[in-house]
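Student: Construct the entire structure; sequences and hints are all you get.
Listed here are the chains, written in short residue letters.
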Amino acid sequence: MANELPLWEVFIRGQHGTAHRHVGSLHATDAGMAMNNARDVYTRRNEGLSIWVVPSSEIVASIPSKKGPLFDPSKDKIYRHPSFYNIPVEVKKI
Amino acid sequence: MYAQEVKSTGSKPKSLNSMSAKEKAFQEKIDRGQRIEPKDWMPEGYRRTLLRQMGQHAHSEIVGQLPEGNWISRAPTLERKTILLAKVQDEAGHGLYLYSAAETLGKSRDEMTKELLSGRAKYSSIFNYPTLNWSDMGAVGWLVDGAAIMNQVPLQRTSYGPYARAMVRICKEESFHQRQGFDIMMKMSFGSKKQKAMAQDSLNRFWYPSLMMFGPSDSESVHSAQSMAWKIKINFNDELRQKFVDQTAPQAEYLGLTIPDEKLKWNEKTEQYDYSEPNWEEFFEVISGNGPCNTERLAARNKAWDDGEWFRDGLLANSTKNQNSQIAAE
Chain D
1 MANELPLWEV FIRGQHGTAH RHVGSLHATD AGMAMNNARD VYTRRNEGLS IWVVPSSEIV
61 ASIPSKKGPL FDPSKDKIYR HPSFYNIPVE VKKI
Chain F
95 MYAQEVKSTG SKPKSLNSMS AKEKAFQEKI DRGQRIEPKD WMPEGYRRTL LRQMGQHAHS
155 EIVGQLPEGN WISRAPTLER KTILLAKVQD EAGHGLYLYS AAETLGKSRD EMTKELLSGR
215 AKYSSIFNYP TLNWSDMGAV GWLVDGAAIM NQVPLQRTSY GPYARAMVRI CKEESFHQRQ
275 GFDIMMKMSF GSKKQKAMAQ DSLNRFWYPS LMMFGPSDSE SVHSAQSMAW KIKINFNDEL
335 RQKFVDQTAP QAEYLGLTIP DEKLKWNEKT EQYDYSEPNW EEFFEVISGN GPCNTERLAA
395 RNKAWDDGEW FRDGLLANST KNQNSQIAAE
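Sequence lines, in order, name chains D and F. When we follow this note's numbering, the leftmost residue of the first sequence carries the number 1, and every step to the right adds one. When we follow this note's numbering, the leftmost residue of the second sequence carries the number 95, and every step to the right adds one.
These aren't lab readings, by the way, just hints derived from the structure by calculation. Model, not experiment: these values are computed from the prediction. Check each hint, because a few of them may be wrong.
Stated by the list, open to error - Listed below are several chain F residues computed to face chain D (Cβ distance under 8 Å; list not exhaustive): (1) 138; (2) 183; (3) 191; (4) 424.
Unchecked claim - With a Cα cut of at most 25 Å, we get these calculated DMTMM-like pairs of lysine to aspartate or glutamate: (5) F:208 x D:30; (6) D:67 x F:122; (7) F:397 x D:4; (8) F:208 x D:4; (9) F:133 x D:58; (10) F:175 x D:58; (11) F:415 x D:58; (12) D:66 x F:122; (13) F:116 x D:72; (14) D:67 x F:117; (15) F:359 x F:332; (16) D:66 x F:138; (17) F:133 x D:72; (18) F:415 x D:9; (19) F:415 x D:4; (20) D:67 x F:138; (21) F:266 x D:9; (22) D:66 x F:125; (23) F:201 x D:72; (24) F:266 x D:40; (25) F:201 x D:47; (26) F:133 x D:90; (27) F:216 x F:375; (28) D:75 x F:134; (29) F:357 x F:347; (30) D:66 x F:134; (31) D:75 x F:131; (32) F:216 x D:4; (33) F:106 x F:122; (34) F:118 x D:40; (35) F:397 x D:9; (36) F:175 x D:40; (37) D:67 x F:332; (38) D:66 x F:131; (39) F:415 x D:90.
A virtual CB, placed ideally from N, CA and C, is assigned to each residue, including glycine.
Tutor: Listed below in structure tokens is the structure:
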């Protein structure tokens, strides 16, 4: 069993105009086969309007154990949220 | 269930105090109801137990196609045939969702396939029983998929993210399976005398094997205790079996069929059905390879794998050739 087919990640855009969402993975020799298999495995009940398939080896992921330093810079910038600002009650529609 | 005997670490779950800092953080994350994701740190025992369980589950879906595949070409009408085809295709899909979830833990698909084909990995005992007549397709959908749903619904809340998400997809599809089975049972039970007798015969043969699907009582099992602490397992086997009996007995009554258990009776006090345990000796025989169809099922899987080798090799050779000619053109 030396010849395992390469792994692909599958993303589907659902019916309601949402973004493509990761749904799982599958094995296929090339993009065409990955697309066909994705249709058969992940959209048997009309779940999708569009499919992306990406070779798993091409995905670069952040490292969970380093999520502290990675996301830290955004933590102390509370002024990015609208609730940071006090607007007087008599001011309307803002 | 589909994974009936998942051995865990073999020891009792550790108390929070005796855990290392990493283990403690991990356990607390699970206790808070947070999901564990593929690249998160996890104890080796968690990874191994989960792989064993997901493997058994995936293999069951794949082998589970065989008893039904037997009837695709023998279905009584074109409609029944297309429905059965769609159901068997779903089982293949469920196997693939689960394999792909298991692969996120770093085990290759080929390794898992090898474990199934060599007989090293287990799959549910239920698929080692033969499907002898058409109404068995009804009984399988109604009882076997019904029992499967019992276990799979809570597994949507399991601690491992990819497994839980696979279960969500599976549960959405499983309800069709159970209903199409009950639909066949209704047709048979309300049909001619002969048809009803076939339906009763199917129920007689599939009742106890269905109860076995939940696995032996495990309220004392250290394996289950550990799996439950890790939220890989959500309910005790007896709990789910009882729920299944309570749900199924009135359905059998509706069909006018008799569950082959003289002790089966509604208990006013406990507000649940009393019922007889299946023969656990038979269960252990079947799960260890000596059931009526174990040899046949494994032989069919091995044949499919071996016969497909030239095709898989051809596909790979073709895609390598195309890639090379692309590089040459650049």
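Student: Does each hint hold? Answer for all of them.
Tutor: Each hint, compared with the structure:
A cut of 8 Å between beta carbons decides the hint on residue 138 (chain F): the least distance to chain D is about 17 Å, and the hint is violated. Taken as an interface hint, residue 183 (chain F) checks out: its beta carbon lies about 7 Å from the nearest beta carbon of chain D, inside 8 Å. Because the closest C-beta pair between residue 191 (chain F) and chain D is about 6 Å apart, less than 8 Å, the hint holds. The criterion of a C-beta within 8 Å of any C-beta in chain D is not met by residue 424 (chain F), whose closest approach is roughly 17 Å, and the hint is violated.
At most 25 Å may separate the alpha-carbon atoms for a hinted pair to count; residue 208 (chain F) and residue 30 (chain D) meet this at roughly 23 Å. Of the pairs offered as hints, the one joining residue 67 (chain D) and residue 122 (chain F) holds, with about 18 Å between alpha carbons and a cut-off of 25 Å not exceeded. As the CA atoms of residue 397 (chain F) and residue 4 (chain D) are separated by approximately 18 Å, the hinted pair is consistent with the 25 Å bound. Straight-line distance between C-alpha atoms of residue 208 (chain F) and residue 4 (chain D) comes to about 12 Å, which keeps the hinted pair within the 25 Å bound.
For a cut-off of 25 Å, the pair hint linking residue 133 (chain F) to residue 58 (chain D) stands: about 16 Å separates their Cα positions. Annotation: proposed proximity of residue 175 (chain F) to residue 58 (chain D) is violated, straight-line Cα distance about 41 Å (limit 25 Å). For the hint pairing residue 415 (chain F) with residue 58 (chain D), the CA-to-CA distance comes to about 21 Å; that is within 25 Å, so the pair holds. A C-alpha spacing of about 19 Å is found between residue 66 (chain D) and residue 122 (chain F), which places the hinted pair at or below 25 Å, so the restraint holds.
Only pairs whose Cα atoms come within 25 Å are accepted, and residue 116 (chain F) paired with residue 72 (chain D) is accepted, the gap being roughly 21 Å. For the hint pairing residue 67 (chain D) with residue 117 (chain F), the CA-to-CA distance comes to about 18 Å; that is within 25 Å, so the pair holds. The hinted pair formed by residue 359 (chain F) and residue 332 (chain F) meets the criterion: a straight-line CA distance of about 17 Å does not exceed 25 Å. The hinted pair formed by residue 66 (chain D) and residue 138 (chain F) meets the criterion: a straight-line CA distance of about 21 Å does not exceed 25 Å.
For the given pair, residue 133 (chain F) sits about 20 Å from residue 72 (chain D) by alpha-carbon distance, which is consistent with the 25 Å threshold. Under the criterion of a C-alpha separation no larger than 25 Å, the hint pairing residue 415 (chain F) with residue 9 (chain D) is consistent with the structure, at around 23 Å. A distance of roughly 16 Å separates the Cα atoms of residue 415 (chain F) and residue 4 (chain D); the hinted pair therefore holds under the 25 Å criterion. A threshold of 25 Å between alpha carbons decides the hint, and for residue 67 (chain D) with residue 138 (chain F) the separation of about 22 Å falls inside it, so the pair holds.
Taken as a hint, the residue 266 (chain F) and residue 9 (chain D) pair is honoured in the structure, with Cα atoms around 21 Å apart against an allowance of 25 Å. For the proposed pair residue 66 (chain D) and residue 125 (chain F), the alpha carbon gap of about 22 Å is at most 25 Å, so the pair holds. A distance of roughly 33 Å separates the Cα atoms of residue 201 (chain F) and residue 72 (chain D); the hinted pair therefore is violated under the 25 Å criterion. At roughly 16 Å between alpha-carbon atoms, residue 266 (chain F) and residue 40 (chain D) fall within 25 Å of each other, so this suggested pair holds.
Only pairs whose Cα atoms come within 25 Å are accepted, and residue 201 (chain F) paired with residue 47 (chain D) is rejected, the gap being roughly 29 Å. With a C-alpha separation of about 51 Å, the suggested pairing of residue 133 (chain F) with residue 90 (chain D) is violated against the 25 Å cut-off. Restraint check for residue 216 (chain F) and residue 375 (chain F): satisfied, since their Cα atoms lie roughly 17 Å apart, inside the 25 Å limit. Among the hinted pairs, residue 75 (chain D) with residue 134 (chain F) is consistent with the structure: their alpha-carbon atoms are about 22 Å apart, no more than 25 Å.
At most 25 Å may separate the alpha-carbon atoms for a hinted pair to count; residue 357 (chain F) and residue 347 (chain F) meet this at roughly 15 Å. Note on residue 66 (chain D) and residue 134 (chain F): the hinted pairing holds, with a Cα-Cα distance of about 11 Å set against a maximum of 25 Å. A hinted pair counts as satisfied when its Cα atoms are at most 25 Å apart, and residue 75 (chain D) with residue 131 (chain F) qualifies at roughly 23 Å. With a C-alpha separation of about 22 Å, the suggested pair residue 216 (chain F) and residue 4 (chain D) falls inside the 25 Å cut-off, and the hint holds.
Restraint check: the Cα-Cα separation between residue 106 (chain F) and residue 122 (chain F) comes to about 17 Å, which is no more than 25 Å; the hinted pair holds. The hinted pair formed by residue 118 (chain F) and residue 40 (chain D) fails the criterion: a straight-line CA distance of about 41 Å is larger than 25 Å. Under the criterion of a C-alpha separation no larger than 25 Å, the hint pairing residue 397 (chain F) with residue 9 (chain D) is inconsistent with the structure, at around 29 Å. A threshold of 25 Å between alpha carbons decides the hint, and for residue 175 (chain F) with residue 40 (chain D) the separation of about 19 Å falls inside it, so the pair holds.
The suggested pairing of residue 67 (chain D) with residue 332 (chain F) is violated, with an alpha-carbon distance near 41 Å, which exceeds 25 Å. Using a Cα cut-off of 25 Å, the hinted pair residue 66 (chain D) and residue 131 (chain F) holds, with the two alpha carbons roughly 14 Å apart. Restraint check: the Cα-Cα separation between residue 415 (chain F) and residue 90 (chain D) comes to about 72 Å, which exceeds 25 Å; the hinted pair is violated.
In terms of the numbered hints stated before, the structure departs from hints 1, 4, 10, 23, 25, 26, 34, 35, 37, 39, listed from lowest to highest.
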